[in-house]
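Input sequences plus hints: build the corresponding full structure.
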Amino acid sequence: MAIKRDFPVFSERPGLVYLDSAASSQKPSVVLEALDDFYRRHYANVHRGIYQLSEEATRAYEGARAQVAAFFGAGAADLVFTRNATEAINLVGRTWGDLLEPGDQILVTVMEHHSNLIPWQQLAGRKGASIVWADIDDQGRLDLEGIARLLEAGGVRLVAVTQMSNVLGTVNPISWIAEQAHRAGALLLVDGAQSAAHLPLNLASLGADFFAFSGHKLGGPSGIGGLIARPGLLEEMPPFLGGGEMIREVWLDRATFADPPQRFEAGTPAIAEAVALARAVTYLDTLGIAELWKAERQLTERLLDGLDALGLPCFGPRGEDRAGVASFNLPGIHAHDLASFLDLRGIAVRAGHHCAQPLMRRLGQAATARASLFAYSDAADVDALLSALAEAKAFFA
Amino acid sequence: MSLLENLYREIVLDHYRHPRHYGPLEGAERFPGQNPSCGDHLVLYLDRQGDGPLRLAFEAEGCAISQASASLMADLLTGTSADRAAELARAFIATLHGGSVPEELGDLAAFSTLAQLPARIPCALLPWTTLLSALSPDRPAADPAAP
Ligand SMILES: Cc1ncc(COP(=O)(O)O)c(C=O)c1O
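Top line first, the protein sequences correspond to chains A and B. The numbering used here puts the first residue of the first sequence at 1, with every later residue one more than the last. The numbering used here puts the first residue of the second sequence at 1, with every later residue one more than the last.
No lab work stands behind these hints, which were simulated from the structure alone. Beta carbons are placed, not taken as given, at the ideal position from N, Cα and C, and that holds for glycine. Among the clues, some could well be false.
As the list claims (entries may be wrong) - Derived list of chain B stretches under chain A, where covered just means 3 residues or more per stretch with a C-beta under 8 Å from a C-beta of chain A: (1) 4 to 11; (2) 59 to 67; (3) 117 to 125.
Structural data, given as structure tokens:
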């Protein structure tokens, strides 16, 4: 309840039960104020003007880079701002991916979001590389032996895996995967779109070579996210998009390029959004991300116990490696109809394939309903969902 | 209970669980339709019998709204002329967008309450837009008739 007070949407829309934070989170007022303040008092383009205002804007933008990087345990030079996690993953596919050779393999898993799948399919198509994939077990945990086996075969150059499934809620053992990948001479890209908003993270020790995240899922504005690379890695990579800001010197027929991270940030970036994202991560730091994760674990148990008690089939593991995401179905009715029933009661859940069609096929589901939690979610939200589901069960019986 | 829940209770759930005109139709052409944003699939079987009265059937995988809409559509349009079917389709589509509700739509008139849930309008539309493109003169070639 206390945290909800920091998010204006809940007083603007009393009665809203927002359980779709895995798709995008609501915004705390400090983030809205940061946007407003920046546009009112400090706004100009960055890295361009010699006047004071542009100097201020540049300082705010680069300060935001340092704060956001620090939140993840990384250095500012290793953080490239992108629009979102999707763009960060595509950046790797289009730059580092250029170094792949025909016959190389990219290892993905069956639980990946399309954002961590399509860019690799496209890369494989361009380079004559191939996709190999790891399965999940019946609980929705990764088949680690399968990963080890695929790596042992020796052809894998990149492992691309999510840290937290947006459908199953599974938290994957990234450090273990990193070790295996590195031993096999492969790099590891971690899709942190979900985990960045929930898990205490220290990229310095996680072992990922690349980490992609979106600001909008952790209380920040839409239109800003990032790619964090292992120190030194960005240096070796060719540019992504071409244009202003990313150059060192330009002639009519050629150019040399700036050092990272500017090399990967062509054009005017999302300046105010970066500043507001930094405010979002300092807000989460104040709440304490480890505390939030503990609270989320408890609330997740309440949700999963409730779904069990209702007898609804629900996917994903039980235990410490389970985040606040619950995908479920009400037998005999389609997830969309269920979601509409809940919507009429002010309860927002997602229904559909969740941008994870291979996983849905693996689970044998055309669609599921999905409830997901964030810092502001509380027992009242979970209980409202569970009692509406009890009603739905009777209604659709 | 809201109008929308009434729609489910009185019409949609019945047609969802007991769809009419369901399954392949001998001698008919086959027209697939889909709703990529939600993954609903539908196959419309249409037999124009030359220029005679239409025969329709469908198969679908998707939500109750889209299935009930298809079932009611097949019911309403079986035996009508192609021109009349297109006219009714346009009338139904107008209803979903807040137009007046003509009596000739029968049970489908109740779908006008979907205005409360605009996100579900594409579900109700899927069978009808598939039909209109099947009837249009410049339609893409249909799949060969299913046995
Ligand atoms: C696991 C996962 N990866 C990637 C994404 C893509 O995030 P975005 O659309 O912000 O790029 C999402 C968002 O839904 C996600 O849940």
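Cross-check of the supplied hints:
1. Only residues whose C-beta sits within less than 8 Å of a C-beta in chain A count toward coverage, and the segment 4 to 11 of chain B has 4 of them, enough to reach three; the restraint holds.
2. Coverage of a stretch by a chain is defined here by at least three residues with a beta carbon nearer than 8 Å to that chain's beta carbons; for the segment 59 to 67 of chain B and chain A the count is 5, and the condition holds.
3. Interface restraint, the segment 117 to 125 of chain B with chain A: holds (4 residues with C-beta to C-beta distance below 8 Å; minimum three).
In summary, this structure violates none of the numbered hints.
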